[in-house]
Amino acid sequence: MSDTNAQTVSYVRDSMLAEQAPPITQVGAIKWVRENLFPTPLNAILTLVSLYVIYYLISHIAPWMFGGIWDANSLSECREIRDATVGSDASVACWAVLGDRWHQLLFGFYPSNLYWRPILALLLFLGGLSPILFPNISRKMLWLTAAAPFLCFWLLWGGSIWLTVSIALGFVVAYFAFVAVSRISALAGIVAALIVPVLYWILLAGPVASTMDSILPIGIEFVESRAFGGFMLSIVIGLAAIVLSLPLGILLALARQSDLFIIKTSAVVFIEVIRGVPLIVWLFTAQLLLNYFLPPGTNFDLTLRVIIMVTLFASAYIAEVVRGGLAALPSGQYEGADSLGLNYWQSMQLIVLPQALKISIPGIVNTFIGLFKDTTLVVFIGLFDPLGIASAIRASTDWNGIYWELFIFIGVMFFVFCFSMGRYSLYLEKKLQREHR
Amino acid sequence: MSTLTDAPKPKFRLSQLLYDTRYRSITIQVVALILIAAGIWWLATNTISNLTALGKDFDFGFLGTAAGYDINQTLIPYNNQMTHGRAALVGILNTLLVAFLGCVMATIIGVIVGVLRLSKNWVVSRLAAVYVEGFRNVPLLLWIFLIFAVLTESLPQPRDFRGAEPAASMILGDSVAITGRGIYIPRIGFTNSLSGNEAVVPREGYTAVASGGIDWLVVLGVFALSLIAIRYVRGRASRIQQSTGVRPVTWYLQLGLLIIPVGIVFVLLGATIVQPFLKGFNFTEGVFMRGSLIALWFALSLYTGAFIAETVRAGILSVSQGQSEAAFALGMQPNRTMSLVILPQAMRVIIPPLISQFLNLTKNSSLAIAVGYMDVRATLGGISISQTGRELEGMLLLGLFYLTLSLIISAVMNFYNNSMKLKER
Chain A
1 MSDTNAQTVS
11 YVRDSMLAEQ
21 APPITQVGAI
31 KWVRENLFPT
41 PLNAILTLVS
51 LYVIYYLISH
61 IAPWMFGGIW
71 DANSLSECRE
81 IRDATVGSDA
91 SVACWAVLGD
101 RWHQLLFGFY
111 PSNLYWRPIL
121 ALLLFLGGLS
131 PILFPNISRK
141 MLWLTAAAPF
151 LCFWLLWGGS
161 IWLTVSIALG
171 FVVAYFAFVA
181 VSRISALAGI
191 VAALIVPVLY
201 WILLAGPVAS
211 TMDSILPIGI
221 EFVESRAFGG
231 FMLSIVIGLA
241 AIVLSLPLGI
251 LLALARQSDL
261 FIIKTSAVVF
271 IEVIRGVPLI
281 VWLFTAQLLL
291 NYFLPPGTNF
301 DLTLRVIIMV
311 TLFASAYIAE
321 VVRGGLAALP
331 SGQYEGADSL
341 GLNYWQSMQL
351 IVLPQALKIS
361 IPGIVNTFIG
371 LFKDTTLVVF
381 IGLFDPLGIA
391 SAIRASTDWN
401 GIYWELFIFI
411 GVMFFVFCFS
421 MGRYSLYLEK
431 KLQREHR
Chain B
438 MSTLTDAPKP
448 KFRLSQLLYD
458 TRYRSITIQV
468 VALILIAAGI
478 WWLATNTISN
488 LTALGKDFDF
498 GFLGTAAGYD
508 INQTLIPYNN
518 QMTHGRAALV
528 GILNTLLVAF
538 LGCVMATIIG
548 VIVGVLRLSK
558 NWVVSRLAAV
568 YVEGFRNVPL
578 LLWIFLIFAV
588 LTESLPQPRD
598 FRGAEPAASM
608 ILGDSVAITG
618 RGIYIPRIGF
628 TNSLSGNEAV
638 VPREGYTAVA
648 SGGIDWLVVL
658 GVFALSLIAI
668 RYVRGRASRI
678 QQSTGVRPVT
688 WYLQLGLLII
698 PVGIVFVLLG
708 ATIVQPFLKG
718 FNFTEGVFMR
728 GSLIALWFAL
738 SLYTGAFIAE
748 TVRAGILSVS
758 QGQSEAAFAL
768 GMQPNRTMSL
778 VILPQAMRVI
788 IPPLISQFLN
798 LTKNSSLAIA
808 VGYMDVRATL
818 GGISISQTGR
828 ELEGMLLLGL
838 FYLTLSLIIS
848 AVMNFYNNSM
858 KLKER
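So the protein lines, in turn, are chains A and B.
Numbering-wise (the working numbering), the first sequence opens with residue 1 and increments by one.
Numbering-wise (the working numbering), the second sequence opens with residue 438 and increments by one.
To be clear, the hints were calculated from the coordinates, so they are not data collected in a lab.
Where hints are given, some of them may not hold.
As the list claims (entries may be wrong) - Only pairs whose alpha carbons sit at most 25 angstroms apart, straight line, appear in this in silico DSS-like list of lysine-lysine:
id, chain 1, residue 1, chain 2, residue 2
1, A, 358, A, 140
2, A, 31, B, 557
3, A, 358, A, 264
4, B, 557, A, 430
5, A, 358, A, 431
For clarity, every value in this text was computed on a predicted model and none was experimentally measured.
Start from the sequences, fold in the hints, and give me the full structure.
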């Protein structure tokens with residue numbers, strides 16, 4: 001019996017098989033290619049089409065780009081070098097224009113011996129920004145944050161230091177007025193903090209600056225804003241507008257959320273009017289109409305007018321971003337602040353705004369990216385932003401007829417700025433999501 | 438001597454305006470109102486005194502005077518003897534044209550790229566990501582300049598099409614000419630036009646055709662009627678499905694309703710295709726899409742398409758996997774799952790930012806100035822202002838136009854949001 005049973009099983013394995021390598025289609029590169037590039041016929045076609053597109057673009061652009069000529073003084077010299085080396089029917093880039101004119105693309109017509117000033121201003125600004133962006137930096141850096149706007153203003157435009165100092169003194173005056181008067185009443189303190197510095201700026205700031213200047217003249221070379229250009233101009237307009245528009249935007253957002261009908265309505269009207277009209281129309285308004293709205297005889301330079309206009313424009317967008325942050329805050333926070341007996345400004349300052357602003361930072365960064373890209377529009381009212389500089393370079397006899405190299409350089413610069421800021425804002429969003437969970 | 442007195446009434450004291458929260462809000466609002474009014478009054482008096490100093494007045498009469506300049510692209514009849522108001526209208530229509538074309542193309546590009554970016558295919562999704570990041574992070578103005586330069590620099594001029602051995606030739610069976618000045622495409626003309634007397638012979642050996650405004654209205658009307666009929670057919674199919682559980686097959690009916698009535702109208706009106714052809718140094722006939730329009734249109738759609746792609750991607754990602762799994766568990770087919778379960782939910786997320794992208798595109802169309810496209814900013818806000826010296830009035834009207842447009846679009850968006858809001862009970 002046991003015999004027959006043994007014979008029904010013809011073969012019994014008595015040892016484990018050695019581990020085999022998986023089929024070649026299931027591992028490594030081949031598996032990846034099968035799964036990611038050719039899973040279905042449609043996908044295979046898509047892959048092949050995309051690969052062809054990539055090949056087509058690279059085969060056309062790469063020789064032109066990497067065969068480019070870096071060492072020449074004019075477009076005609078570039079063409080001579082090209083004829084001598086690769087033949088006249090080949091098409092190669094003439095990157096020499098960047099070597100020849102990089103300083104104009106970056107700094108416009110700023111005096112070349114003073115390039116250290118905008119660079120230092122940018123570094124100071126970034127230094128001032130660091131305690132806001134990175135929470136683990138020493139709080140003492142906040143002093144730099146407070147001083148940076150004034151230092152940057154002085155470094156960029158130059159002139160006597162006392163003008164900057166006397167403008168900055170206005171804020172000190174405001175602080176002391178607030179401290180002194182708020183002993184009597186908090187509301188009166190706020191009113192005093194608004195009125196006293198304005199009076200100071202109108203009546204005293206000029207005389208203070210000129211007396212100090214005659215006593216102790218300290219100053220650096222004055223640079224007109226007409227000399228500003230290139231990426232420096234874009235950065236100055238963009239940063240100034242975003243920094244100046246933040247307080248304005250926060251106030252507008254609070255006004256829009258307010259229960260007071262008149263204040264709410266005026267904020268809504270302001271925000272919608274600004275957002276409903278394209279920036280270019282506002283820029284033309286700044287160029288053509290701003291003089292109509294100011295007292296007869298006032299005339300100040302176009303760059304400043306543009307900064308004012310772009311600030312107003314940005315403040316409407318910032319207001320909407322901050323409003324989003326305020327709305328995203330759970331209503332328990334508002335109620336908690338009320339139940340502690342805090343008044344409106346205390347609750348905003350201590351409870352609501354710190355949280356709402358933190359939520360809105362990614363949105364603010366995105367607004368800044370949009371604004372930074374939009375600064376190119378100032379070319380239409382005669383300022384020399386990078387695109388304006390490009391056409392100025394093209395208008396010179398040396399580089400007449402050069403297109404792509406300048407466009408590509410400007411595009412790459414913008415891409416690097418905006419892409420890295422965009423990544424930063426994504427990183428912040430992710431971090432905030434983690435913290436909220 | 439009566440000693441009777443009323444119970445002491447809480448007397449209103451002036452300080453309550455400042456310290457009593459019941460009254461303080463009124464105080465603040467009144468102060469704000471006064472400040473705003475003072476600000477407006479200040480601006481107004483400044484403006485008035487500046488205007489009188491310049492010897493100008495505030496008058497919209499210039500809209501009725503002859504414009505005296507030509508516009509190179511007009512959707513309605515216009516010549517330089519017509520008024521500034523008419524020129525502004527031509528500009529407005531041009532703005533709306535490029536905005537409409539841009540919105541349509543940007544949506545198509547955005548939806549395709551947004552879906553491709555979610556594809557599991559590595560090459561395709563990377564390519565889509567490069568497109569999106571490349572266009573989002575470089576100023577629109579640069580793209581407009583770049584595309585315009587590509588068009589004007591690299592495409593052949595009309596004269597290259599001439600001669601026995603032309604350097605360039607028309608494509609698609611001699612019907613489309615792509616030149617550095619713009620693209621010429623065939624147009625549809627009507628031999629039995631309803632408007633009769635405007636027919637012209639485009640080219641020797643052809644019958645006379647008219648472009649026919651009325652004819653197109655008739656075609657549109659018939660098309661609208663077809664759509665209504667299709668809607669009825671679908672409604673009827675749904676009703677039958679509700680009562681019997683079987684949905685009748687109607688696709689051939691729908692297709693027929695869509696094509697046949699319009700086709701009959703076209704045949705009755707004698708529609709023929711009029712191709713562009715070379716005459717002298719340039720092409721005539723057909724529809725001429727100016728290079729400036731094409732550059733602006735492409736740049737706007739590619740730029741906005743990148744933003745829409747992100748919107749679409751976010752919308753699709755926002756519908757959780759469980760939704761489609763549940764639909765499959767109920768036995769739904771994949772395409773009905775898409776149209777009945779996934780899309781309605783994704784749309785709720787996609788549409789509001791999509792509409793605000795349309796709004797952005799419309800506002801960005803004012804960058805037409807970069808390529809010399811004659812939009813409303815170039816006519817009303819450009820040449821009309823410089824010819825009449827009416828900056829204040831012109832800019833005011835221009836701003837009002839854009840403001841009205843964006844308010845209309847926001848109203849549409851609010852209406853949509855309210856109708857799509859989750860009905861919570």
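Structure-based check of all given hints:
At most 25 angstroms may separate the alpha-carbon atoms for a hinted pair to count; residue 358 of chain A and residue 140 of chain A meet this at roughly 21 angstroms. At most 25 angstroms may separate the alpha-carbon atoms for a hinted pair to count; residue 31 of chain A and residue 557 of chain B meet this at roughly 14 angstroms. At roughly 24 angstroms between alpha-carbon atoms, residue 358 of chain A and residue 264 of chain A fall within 25 angstroms of each other, so this suggested pair holds. A hinted pair counts as satisfied when its Cα atoms are at most 25 angstroms apart, and residue 557 of chain B with residue 430 of chain A qualifies at roughly 23 angstroms.
Straight-line distance between C-alpha atoms of residue 358 of chain A and residue 431 of chain A comes to about 11 angstroms, which keeps the hinted pair within the 25 angstroms bound.
In this structure, every one of the numbered hints holds.
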